[in-house]
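Here's the letter readout for the chains.
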Amino acid sequence: MSLALVVDLILNAIAQSALLFLVAVGLSLVFGVLRVMNFAHGVFYMLGAYLGFTVVARSGSFWLSLVLAPVATGLLGGLLERTTLRYIYRRPPIYQLLLTFGLALVLEELVRVVWGPSALPVDPPAGLEGAVTILGAVYPRYRLFLVVLGMVTGVALWFFLQRTRVGLVIRAAAQNDEMAACLGTDVARVRTGVFAAACALAAVGGVAAAPMTTAYLGMGIGVIVDAFVVVVIGGLGSIVGSMAGSLIVGIAQTWGGFYFSEAAMAIMYLVMGLVLIFRPWGLFGEEE
Amino acid sequence: MAPLRRWGPVATLVVLAVLPWGLARHQLSLLTDLLIFSLFALSLDLIMGYTGMVSFGHAAYFGLGAYGSALLLIHFEVPIPIALLGGALGAGLVAWPVGYISTRATGIYFAMLTLAFAQLLYTLAYKWRALTGGSDGIAGVPKTALWWGGPSLVEPRAFYFLILVSFLVAFVLCRALVRSPFGRALQAIRENERKFATLGQDPRRFKVIVFVIAAALAGLAGALSAPFRGFASPEAMFWLLSGQALMMVIIGGIGTLVGPAIGAMVFVLVQEVLSSYTEHWMLFTGAIFVLMVIFLPGGIVGAARRRFAA
Numbered sequence: 001m002s003l004a005l006v007v008d009l010i011l012n013a014i015a016q017s018a019l020l021f022l023v024a025v026g027l028s029l030v031f032g033v034l035r036v037m038n039f040a041h042g043v044f045y046m047l048g049a050y051l052g053f054t055v056v057a058r059s060g061s062f063w064l065s066l067v068l069a070p071v072a073t074g075l076l077g078g079l080l081e082r083t084t085l086r087y088i089y090r091r092p093p094i095y096q097l098l099l100t101f102g103l104a105l106v107l108e109e110l111v112r113v114v115w116g117p118s119a120l121p122v123d124p125p126a127g128l129e130g131a132v133t134i135l136g137a138v139y140p141r142y143r144l145f146l147v148v149l150g151m152v153t154g155v156a157l158w159f160f161l162q163r164t165r166v167g168l169v170i171r172a173a174a175q176n177d178e179m180a181a182c183l184g185t186d187v188a189r190v191r192t193g194v195f196a197a198a199c200a201l202a203a204v205g206g207v208a209a210a211p212m213t214t215a216y217l218g219m220g221i222g223v224i225v226d227a228f229v230v231v232v233i234g235g236l237g238s239i240v241g242s243m244a245g246s247l248i249v250g251i252a253q254t255w256g257g258f259y260f261s262e263a264a265m266a267i268m269y270l271v272m273g274l275v276l277i278f279r280p281w282g283l284f285g286e287e288e
Numbered sequence: 001m002a003p004l005r006r007w008g009p010v011a012t013l014v015v016l017a018v019l020p021w022g023l024a025r026h027q028l029s030l031l032t033d034l035l036i037f038s039l040f041a042l043s044l045d046l047i048m049g050y051t052g053m054v055s056f057g058h059a060a061y062f063g064l065g066a067y068g069s070a071l072l073l074i075h076f077e078v079p080i081p082i083a084l085l086g087g088a089l090g091a092g093l094v095a096w097p098v099g100y101i102s103t104r105a106t107g108i109y110f111a112m113l114t115l116a117f118a119q120l121l122y123t124l125a126y127k128w129r130a131l132t133g134g135s136d137g138i139a140g141v142p143k144t145a146l147w148w149g150g151p152s153l154v155e156p157r158a159f160y161f162l163i164l165v166s167f168l169v170a171f172v173l174c175r176a177l178v179r180s181p182f183g184r185a186l187q188a189i190r191e192n193e194r195k196f197a198t199l200g201q202d203p204r205r206f207k208v209i210v211f212v213i214a215a216a217l218a219g220l221a222g223a224l225s226a227p228f229r230g231f232a233s234p235e236a237m238f239w240l241l242s243g244q245a246l247m248m249v250i251i252g253g254i255g256t257l258v259g260p261a262i263g264a265m266v267f268v269l270v271q272e273v274l275s276s277y278t279e280h281w282m283l284f285t286g287a288i289f290v291l292m293v294i295f296l297p298g299g300i301v302g303a304a305r306r307r308f309a310a
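If you read the sequences in order, they're chains B and E.
Quick note on this note's numbering: the first sequence kicks off at 1 and runs consecutively.
Quick note on this note's numbering: the second sequence kicks off at 1 and runs consecutively.
To be clear, the hints were calculated from the coordinates, so they are not data collected in a lab.
Any given hint could turn out to be false.
[Claimed, not checked] Non-contacting residues of chain E with respect to chain B, defined by C-beta distances greater than 10 Å in every case (computed): (1) V10; (2) L71; (3) I82; (4) R104; (5) L120; (6) L146; (7) P156; (8) F159; (9) V172; (10) F182; (11) Q201; (12) E235; (13) M247.
[Said to hold, decoys possible] Stretches of chain B that chain E covers, calculated by requiring three or more beta carbons in the stretch to come under 8 Å of a beta carbon on chain E: (14) 96-105; (15) 265-276.
[Claimed, not checked] So the derived label-pair ranges between C-beta atoms look like this: (16) L4/E x F160/B: 35 to 43 Å; (17) V6/B x L89/E: 40 to 48 Å; (18) N192/E x R82/B: 54 to 62 Å.
Quick caveat: nothing in here was measured; it's all calculated off a predicted structure.
C-beta atoms are modelled at their ideal positions from N, C-alpha and C, and glycine is treated no differently.
Using the sequences provided together with the hints, build the complete structure.
As structure tokens, this is what we get:
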């Protein structure tokens, strides 16, 4: 195996992990604060890709779409949390999963109504087209951008949650929402905010993925199942866990795909099975 | 409520037995489909409603049953009951290791694990072209006879009664199961798993067993669907079907035996009516479902019980 191939595989794995991370971290955050497993999360990723396509088509600017699409998706997410999820927080967790499943069906169909059934291609922005040579490997510039985007988002998110006052409030609400409410936190607002932010993050992932994968129906479901595996491996509610999980799944997918092609999926689930046998709550999760 | 309780089942049975002679061909096939989904939803409620294990991958076992019976029917032309048995056993057999691993987790983690395994099985069915025909599936599954040289089941009404009998057998079986000491144990696990464990029993053993039973019943439903529709395809294992089964159980009434059947009926009929008006029927079923989760947590049966009890 040549060095160029190794470099290529490593970079592919990291780029794949970066996209996964953008989706999984929101899923994990929402679970940490709202205790909701959001089945619709993947649909917000898809929505991001489609909205991104429209913004690029109208304005010609990829960078504008990277801002506008997530904002719009976040607003929609916040609105949906306020009008549906808010009323059933006291129920057993499965009802929230089912509710978001219903939302996912509605949103998926809405996208089909608005944008039609065929896949929509998005061009990478000027300056990120073409390829560069790294250690002998010819590598697409755009994927390097994905790596940077994932890393920057991860670090920024970590700083936001650990080092700012709002982050502190969010962590307090995640740890003990009743106590946080007693100390004067408007927990309902925190929940809406976190849900909206997670949807926006997923949309960032969707916009960023579109130049690589196109925007297509079903991309939300594909990614949500992968993201579930990521958070189950990493542990729900943990940012570091989402990072580790994304890396593990990203590596399993790309390297597994290279060595075993058809069996790549199987490897991902095999890893998950192993983690669960030894740590049923995930690598960085805490037992409930 | 008391007269409904006594005469309801008898009336339902009579209607189900007479109905085939009053229905058009298309309507009879819809009714047959409905019974298959009822059986499928019933099997899910066994683990979801009675044991508190929400599986988001139940379609995998429906699909395994469908492939199992399709392969037996096409390659060996066995009588239908053997194919049904084969499909159910195959689904149960695969469910055993999946259940063993998945029951290490509970709640949402369990749901996610079952979903992941189901997606894995779906991919296998999709990619293993030599055995499953890939995305085309297996077409031309014959409706063979009741036994070797026995009466043929090609006639739609005959097949309807085969499915009706299968459903009734499964229903009586589930009823006996949830009322048995084993069933009581399952409900105790649902209410408080830790307390159950402190009584000196291992809850996981019970959970794995009921998971396998539920998968075998889902397999039976799938095994019936393959000769009925004439094909088995990977769509039968897709997560969408798992989600729809959950919808049926919730709409009808979780933790009841008739609930899933009612839910399946409502679901199939709503879909049938809506799809004749718009191709985007999923939009409306999704919205209806969201409203039901918010306003009607006990489903139709739960709401009816509250009303009659008051």
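Just pull the numbers of the violated hints for me, sorted ascending.
Hints 4, 5, 13, 16, 18 are the ones this structure does not satisfy, whereas the remaining hints hold.
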